[in-house]
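**Q** Take a look at the letters that make up each chain.
2 protein chains.
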Amino acid sequence: MFKKVFVTSLCFLFLLLNSIGLKGQPPTGPMVVSPKINTDKTVTFSYLAPKAKEVMLSGQFEKKPVSMKKDSIGIWSVTVGPIEPDIYPYNFIVDGLSVMDPANVDYFPNERFKGSLLDVPGDTPLIHSMQDVPHGKITYEYYPSVKGTTGSLVVYTPPGYEKNPSKKYPVFYLISGTTDTEEDWYKVGRTNFIMDNLIAQGKAVPMIIVMPYGNIEARIAEQTGGAKPEDPSGRENKEAVTRALNFSEDMINNIIPYIEKNYNVISDKNSRAIGGFSRGGGQTLRTAFGNMDKFGSICCFSAYLSTQEMEAQYKNVVDNPEKTNKDLKLLWISVGNEDFLYKQTEEFMGYLKGKNINYKSLVTTGGHTWMNTKKFLNASVQLLFK
Amino acid sequence: MFKKVFVTSLCFLFLLLNSIGLKGQPPTGPMVVSPKINTDKTVTFSYLAPKAKEVMLSGQFEKKPVSMKKDSIGIWSVTVGPIEPDIYPYNFIVDGLSVMDPANVDYFPNERFKGSLLDVPGDTPLIHSMQDVPHGKITYEYYPSVKGTTGSLVVYTPPGYEKNPSKKYPVFYLISGTTDTEEDWYKVGRTNFIMDNLIAQGKAVPMIIVMPYGNIEARIAEQTGGAKPEDPSGRENKEAVTRALNFSEDMINNIIPYIEKNYNVISDKNSRAIGGFSRGGGQTLRTAFGNMDKFGSICCFSAYLSTQEMEAQYKNVVDNPEKTNKDLKLLWISVGNEDFLYKQTEEFMGYLKGKNINYKSLVTTGGHTWMNTKKFLNASVQLLFK
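Residue numbers (this note's numbering), protein chains in the order written: chain H, 10 to 395; chain V, 10 to 395.
So that you can see chain H by itself, here it is in the shape it has in the complex (with noise of 0.2 angstroms):
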């Protein structure tokens, strides 16, 4: 009977995915699998494109995009590797077009790019992979943010945080990247996982690490029908601006005091650090510099200030080195090697270091990239409230 019944559930599987699918999605044929990773570490993709006329693999695993190979029933594979066990956003570049991978559920969330993820397991369990430890949650919060409009937070608390209403814990404030959402720290950067077993190998201090959403603009925009910014740094240096005070503003009076109010928080500056990569690094700066008073640590990965901006808008932090060394527990930079900023991050230590403040400093191999925010969080979070 059973038997009956699920070969017409397979049937209607197929009705079904004819029926809910996006019109124009490739006929329900062949079910590709992809990625497909083997036991070498090399990586199989896969992509049905019967119509194609060139089909290739781009991905932050490889220096340039590779060529695909058609089979006769229009599926295009490569293999690729053994890859470096990590996590690699990568695409399909469709005669000329960049496509998601559609046969994988993991994507990055960006308000551009559109990619998918490959995670590759390591022979001993990565920093940032789900292990059997005691997992911490990721909770979506909405807050009253600038100009009437309500913000969106993604949190993380650590395992046990909700059975011990009594306890406290210090606060990391973590800022993605342009064009990345607040989703990116945990969907890209996996600071749960990399928190849960840190914690549960007594190498970080347990916290709760708050992620807002850089772009505010866009959500202004958004929610009181304005246009939305074209581009997500500003074409008027006024914009620019206003959006570099609207995000710093909106951290110091909306999102800290929500947190304070909602979650059980240590709320004294040494219990409150502020992190960011990329334009969050740079948001990271200028909301820390701004108010030495709110901040004990900072981690500034990807990131830097110029001298003149310094010279310009913080002369406080670097004209009383003493005050600044004993006001911060962490100045933290970080960069790789062959990041486009890394020059710029370079210049902007040397000028710390010129003016006595004191840093920690990691540069790795490799770029501009979320393989790097894993290193760069795992690193700098062990030195946190400590």
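Note that these hints are calculated values from the structure, not bench results. One or more of the hints may lead you astray.
To give an idea of the interface, some chain H residues facing chain V are shown, with a C-beta separation under 8 angstroms as derived from the structure [stated by the list, open to error]:
id, residue
1, 106
2, 108
3, 109
4, 114
5, 148
6, 151
7, 155
8, 156
9, 159
10, 162
11, 170
12, 190
The model shown is predicted, which means the values in this text are computed figures rather than measured ones. From the three backbone atoms N, C-alpha and C, an ideal C-beta is built for every residue, glycine too.
Chain V: place on chain H using the hints.
**A** Relative to chain H, chain V alone:
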């Protein structure tokens, strides 16, 4: 000074987009805005593809794909509508290939289809819109599941849940459909905003809603290193039976105990409901009818069980209608009259009627869509736990 700094920043933006962009993306030329909702509720869609020969818009707001026109710089666009306010999946068909809208951050989480979401607001706010009312929270949870794997859940807790740990809530287990993930009831179905609004209006009882992942076989394969099933319902009948049993077992033995241990829950049968859409509706009926002591309410959206399966497996439910009608506070069945399962669902209702089993039903216009799931959820959830 800021001027100079931000002109520099603007240059970096473009460098940065080039640097972090997945290779093969359109160059950082014009920043396309799409979709643009016009005041008359027409919507303009735009897509940059200078080399494409034909670009079409495919959306669940149109009966069939609509041609787009290319301008002199290679941006294809079309204005359609007015469109009835709702949230619709859509994508572009570029020389026969389906792609997401790269300019739109809102996506349809799915194992196969990669669609974007169009949200056309109503003149008065729709029930699924974010309104100025207290907001519940969405939490991503991990729980110990079958075969030593770790499962994932998305959990809605109502406004004020964490403020009063002594208050206990009823729980609604809500399952998505074939190729959906545990995120779809949140990101596409907007369960959180529907609940926030209904609770604020006094129309729904505050409750916890638990949204599991329906395709646990895929997860088992992923976590145990097995091959991923090539299609979501199984090629072998035996495998498919195993899957149906696995899901029910996971719900009864793992998910419910985990939730009742970790949330403030009323754990009697009448405070426990189960519901689902499409494959999730089938999972709902099989889980509930196979465990009539566990659930006081059942919500079946766009799904049915055949007469043969009912007679073979669930005689206990239909042979004593008085007991069943007493046991179930609600048996809800809803379907759209253009759903490809409409006829079978009508037959299912006819079968139940013939057996004197009480149920409430809602037949809407439209098909097997997430526009309809929101209507079904909105209508049925107002009847739960009253």
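**Q** A separate judgement is required for each hint: does it hold in the structure or not?
**A** These are the hints, each one checked on the structure:
Taken as an interface hint, residue 106/H checks out: its beta carbon lies about 6 angstroms from the nearest beta carbon of chain V, inside 8 angstroms. Nearest Cβ of chain V to the Cβ of residue 108/H: about 5 angstroms, under the 8 angstroms cut. The hint holds. With a least beta-carbon distance of about 5 angstroms to chain V, the hint placing residue 109/H at the interface is held under the 8 angstroms criterion. Interface hint at residue 114/H: satisfied, since its Cβ lies 5 angstroms from the closest Cβ of chain V, which is below the 8 angstroms cut-off.
Given hint, residue 148/H at the interface with chain V, holds; its Cβ is 5 angstroms from that chain's nearest Cβ, closer than 8 angstroms. The interface hint given for residue 151/H holds, since its Cβ lies 4 angstroms from the closest Cβ of chain V, which is under the 8 angstroms cut-off. The closest approach between the C-beta of residue 155/H and any C-beta of chain V is roughly 15 angstroms, which is over the 8 angstroms cut-off, so the hint fails. Of the supplied interface hints, the one on residue 156/H is violated, with its beta-carbon coming no nearer than about 13 angstroms to a beta-carbon of chain V, more than 8 angstroms.
For residue 159/H, the interface hint holds, the least distance from its beta-carbon to any beta-carbon of chain V being 6 angstroms, beneath 8 angstroms. Interface hint at residue 162/H: violated, since its Cβ lies 10 angstroms from the closest Cβ of chain V, which is beyond the 8 angstroms cut-off. Hint on residue 170/H is violated. Least Cβ distance to chain V is approximately 10 angstroms, over the 8 angstroms limit. Using the Cβ-Cβ criterion of 8 angstroms, the hint placing residue 190/H at the interface with chain V is satisfied: the shortest such distance is roughly 6 angstroms.
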